[in-house]
Amino acid sequence: MRTIQNLLVTFLMSLFLVPVLGQNSQVSDAIQAYHAGDYQKAYDRASDALAGIDALSNDFAAAAYYYQAKSRIQLLRLAMESGDKEKLSEMHNALIDSYYDYGEALGRADNQLKADIEADLEALYNPILQTGLSALNTAGDERQPVHVREAALQAAKGYLEAAHDISPTYLAGDLLSQVYLAEGDSLRALEMLTESINAYKSAPPDDADLLMAYVFFRKALIERFMLHDHGLALSTIHDGQQLLKSEYERAGDAPGPALKQSFENGMKDLTGFELDIYLNDPSLRDIAIGRFREVIVAYPGDYDIHLAYATLLEKEDPLLAIDAYETAISLDESRDLAFFNIAALYNNLGSDYYGEGLAAGEQAAADSLFHEADQCFRKAYIYMEEAHRLNPGALETIRALIQLATTLGLDEKAEYYIRKEEEILNN
1 MRTIQNLLVT FLMSLFLVPV LGQNSQVSDA IQAYHAGDYQ KAYDRASDAL
51 AGIDALSNDF AAAAYYYQAK SRIQLLRLAM ESGDKEKLSE MHNALIDSYY
101 DYGEALGRAD NQLKADIEAD LEALYNPILQ TGLSALNTAG DERQPVHVRE
151 AALQAAKGYL EAAHDISPTY LAGDLLSQVY LAEGDSLRAL EMLTESINAY
201 KSAPPDDADL LMAYVFFRKA LIERFMLHDH GLALSTIHDG QQLLKSEYER
251 AGDAPGPALK QSFENGMKDL TGFELDIYLN DPSLRDIAIG RFREVIVAYP
301 GDYDIHLAYA TLLEKEDPLL AIDAYETAIS LDESRDLAFF NIAALYNNLG
351 SDYYGEGLAA GEQAAADSLF HEADQCFRKA YIYMEEAHRL NPGALETIRA
401 LIQLATTLGL DEKAEYYIRK EEEILNN
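Per our numbering, residue 1 is the first one in the sequence shown, and the count goes up by one each step.
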């Protein structure tokens, strides 16, 4: 009786062992096929084994995922080398699918296999990052249909999150932040931008990457417009300016033209953003004037900086503001804004003189003030006409000319600009 029981137990155990051994043998076949260079067979055998994963031992399950990932990547490589469009279309998700397979393998692997998986993942980082970047560029291409851009953004998110998981480099953090910004998730974007900056500082690349300026720029944008913290945004900008300077110096005495251009572009954009914050925050006005003067020394030929400085000076000293606008005009006579703003300042000065004349107790003093007012209005009219010449379609300029012509008693000119206004409104 004991002998019969033993036979029954042995028989029942064999029923369970047969599928286990069968699945494990498929994994062994996949490994052999891979090392023999038969990647399609390796992929098929690994896939077949994983279809019955519950029957696989842990080590064999890890190996099945591992060789499915490796053989898939080899098949993708061969398809790319041969230009097999059908195969490439079939394997358009090969990189991300292999990333997930490696992840499954990693959770089951022993220490030796873990080291091999981590090495493979490291090699997978750049292709996945570049694929994510390509998808991100498509998502930002306004020439593409909306549904294509939305799908591309989701693809970019998947690839870039995978790249970040493999290696949280400054590039992965920066690109992933752009995905989150596109999705409207500014807090996650801010987290990634901060991580990108820290990653760069802790492990700078061999060759300075001065496009880091725009990581600081985007971080400051969020801090200014989402968090409404000008101080924090300025701190980020100053940090970015300092990093750019130190990285540029690290390049040595003879930086290449591309690096020099990147440095100049990055510094100018960060500085422009810094000045814009100063310009629009009255609580920083005293600091702003000093900082503008420093920047003008660094960028003496920059129209926009002189224009912004003049705008800042308007409330402090209108005459100094006019001088600053004149400097901007000397740098670029083709733009109408400086002419318009000078005209507006002279108009305001004229109004002030006229009001003082009305309040003057003596006729001689009143006449002198009325004369000053008239001179200011005439200067305003001359500058406003130049602004109109440069930008004839600007309604604000035309309406200012109607007012100035009326004030100066230039009735025909007033009628002329009234007709101009009507023509624009009726078209």
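Source of the hints: derived by calculation from the structure; they are not laboratory data. There's no promise every hint is true.
Quick list of in silico lysine-lysine cross-link-like pairs, DSS-like style, CA-CA up to 27 Å [claimed, not checked]:
no., residue 1, residue 2
1, K260, K245
2, K201, K87
3, K268, K201
4, K114, K85
Against the structure, the hints:
1. At roughly 11 Å between alpha-carbon atoms, K260 and K245 fall within 27 Å of each other, so this suggested pair holds.
2. Proposed proximity of K201 and K87 is contradicted: the alpha carbons are some 42 Å apart, above 27 Å.
3. Our distance criterion of 27 Å between C-alpha atoms is met by K268 and K201, whose separation comes to about 21 Å.
4. Taken as a hint, the K114 and K85 pair is broken in the structure, with Cα atoms around 34 Å apart against an allowance of 27 Å.
The structure fails hints 2, 4 (numbered hints given earlier, in ascending order).
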